[in-house]
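All chains, full assembly: derive it from the sequences and hints.
Chain by chain, the residues:
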Amino acid sequence: MAILKKSAVWIGYLAALLALPQFFDSVLAVSIFNQMAIAIVFGLSYNMLLGQGGMLSFGHAVYFGLGGFLAVHALLMIEVETVYFSIIWIPLVGGFIGLLAALFIGTFSTHKAGTVFAMISLGIGELLAASSLIFVSFFGGEAGVSGDRTFGPPFFGIEWFQNLEIYYLAVAWVFIATVFMYLFTQTPAGKMANAVRDNPERAEFIGYSARKVRYITFCAAGLFAGVAGGLFALNYEFITEENLNAATSGRVLLSAYIGGLGYFIGPIVGAVILTLMNSLLSNYSDLWMLYLGIMFLLTVMFLPRGFAGFIMMHQLAWVRGKIKSLLVPYLLTGIPSLLFLISVVGLIELSHTDEAELYYFGLSFNSTAAMDFILIAIVALGSLLSIRRSLPQLRAAWEAANEIPESVDEESTS
Amino acid sequence: MLDVFIFATLNGLVTGLLLFMLASGLTLIFSMMGVLNFAHASFYMLGAYFAYSVSLYFGYWTGLIFAPIIVGVLGALVERYGLRRVHQHGHVAELVFTFGLAFLIEEAVQFFWGADTKNYQSPDLLDFPLFTLFGQEFPAYRGFMIGISISIFIGLYYVLTKSRIGIIIQAALTHPHTVSNLGHNVPLIFMCVFGVGSALAGVAGVIAGPVLTTFPGMAVVLGSIVFVIVVIGGLGSLAGAFIASILIGLLQSYAIASDVGMPDLLNLLGLEFDRNHPLTDLWTLTLPQIAPILPFLLLVLVLIFRPTGLMGKREQ
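From first to last, the protein sequence lines are chains Z and G. Residue 218 in my numbering sits at position 218 of the first sequence, with consecutive numbering throughout. Start counting at 1 in the second sequence, then tack on 1000, and there's your number in my numbering.
All the given hints hold, so there is nothing to weed out.
According to the in silico footprint, chain G covers these stretches of chain Z (three or more CB under 8 Å from chain G):
#, region
1, 109-118
2, 128-139
3, 247-261
4, 300-314
Read the hints as simulated data drawn from the structure, not as lab findings. Backbone N, C-alpha and C fix where the C-beta goes; we use that ideal spot for every residue, glycine too.
Right under this line is the structure:
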């Protein structure tokens, strides 16, 4: 029974992944899902490093990119029949290379966590990104290298012409990778990684080498980053220097942080949010990166444990059955907050647009008329005042819902 | 040969001193917060952009004075309302905050000024060759850059070591609680140090903008190199930062000016390689080609063999 209960989450996860294309089957949707699958594996591997092992990396894209490059080269080798295997194993090639790179780099970068580790990861990231432009025959310079996934033996008659076929392959790999990464958190090594993150000195005192524990975590993270790189290579059939430089490393940090570090589900949430923003918001506004930056800073300042952490904050109130008392205060603050957000974005868009007329939420605004600016500004100001009024109520309701009773007796009588 | 060497040295000095202007603020802020400020180079970029905007209306010299002040105030505000809030969540959160800030500033610059390169010019007053050596001219503006940098360091050094404020700052960096008990407002001191550090980055931006071009990527170009310098010099050490800045400046300058490479080395060793060898890129590598990666190579080596940097204190 307990096993059934535990595996229910996993079956649900797999079912959700498999069912997605049934509901959204456009070409765009499938390509977004593919991006999401890649981002989930990459984000989870980053969380393994930072959330679980406490190693802040600014160069995690190195393992992703190297895995991806080798995967594309493997595709090229399949094409000229130097090697002969089905392309479903390509992510393993990526993972193997990611692991190899981590095995080597980890020997000197995992001595210390904290700033030293962060700086080494930054240095190696920059080193590799710069070298990739020099060693043109392997990295292909600015244009990158491209392959073709339709060669090699077909897999049960599937020849991988469609993105949808790749999606189902990606689902299989995402599921396997997620299960293994979850299992890793349950192993003694995974538990020790948490201990070393929180207090390396104590971990050393009970007989574990902090460095060795970090090294193991680092290698595992490198392996899964490489798997993600292999998936990338399969999906896009090309890879460039951009996929191993600092921008990619930064993006995975952003997505893991916004999702919620330290929670296993956090990077999955982050990957979904960021991919959706990346592919949907960018259709509507060329300022989406600006919004992403603002959102990221606000998350760091106000939700240090990310979206997953925000949801988990309500655990106590939920267990004690007081979640309902929060609903009305949340609505009272949430609706003006949403209004405030919409009007501020409206102001930004209106001042940025080149055209005279801007359609925003079904309304037409004139970007040359001062009146329209003032109108939106009034809405923003009004909602801000309303937030200020309702915020104390929310805080009081929150404290009431999470209040720890004085003693057990009192709670049983009340 | 000699002329190449002299000009490479002069250009290396200009770059090195410019880098030190950024590194000095960054290392001061590090010894204060214990965290590297990723957004430091972004303040440098803001300095260049503000100066450009001011110079459009009031000329270069007004920009030189006002842009750093604006950047300094902005930096102080970031410390007061952003970093101080994040501080309670620990060092990683602070580092990640500054990283996000750098990201946001780059986007904001593109929002306000656009993604194109700005035509930010050095003042006409300095548009003449300072001296001519071996038929090559050395522009006066570069001499001006050296002059400004050196005078700022002398000023900074004097304030930090000789004045009363400087002594309080130094004490607050190492013993914040004691200084606070003596009745000084330590959070205010930290805010001011952060502001002044940002303003220094702003000055660097103002004087570097016309030479290194003013565009939204200028923070990224210099940012990671300044990090490298601070780490190589030893975190928190001003003298180390100075040595490392000059070292990196000269190293890059010499590497770019040189024309040796792997082919010369192979000739020297009497070896020969096939053009179609898979490693052909390695055998044809030249020193100017790898100049951009030299600082990072140095960084990784220093971190492996001497993690405290050149002048860093021994770890506790």
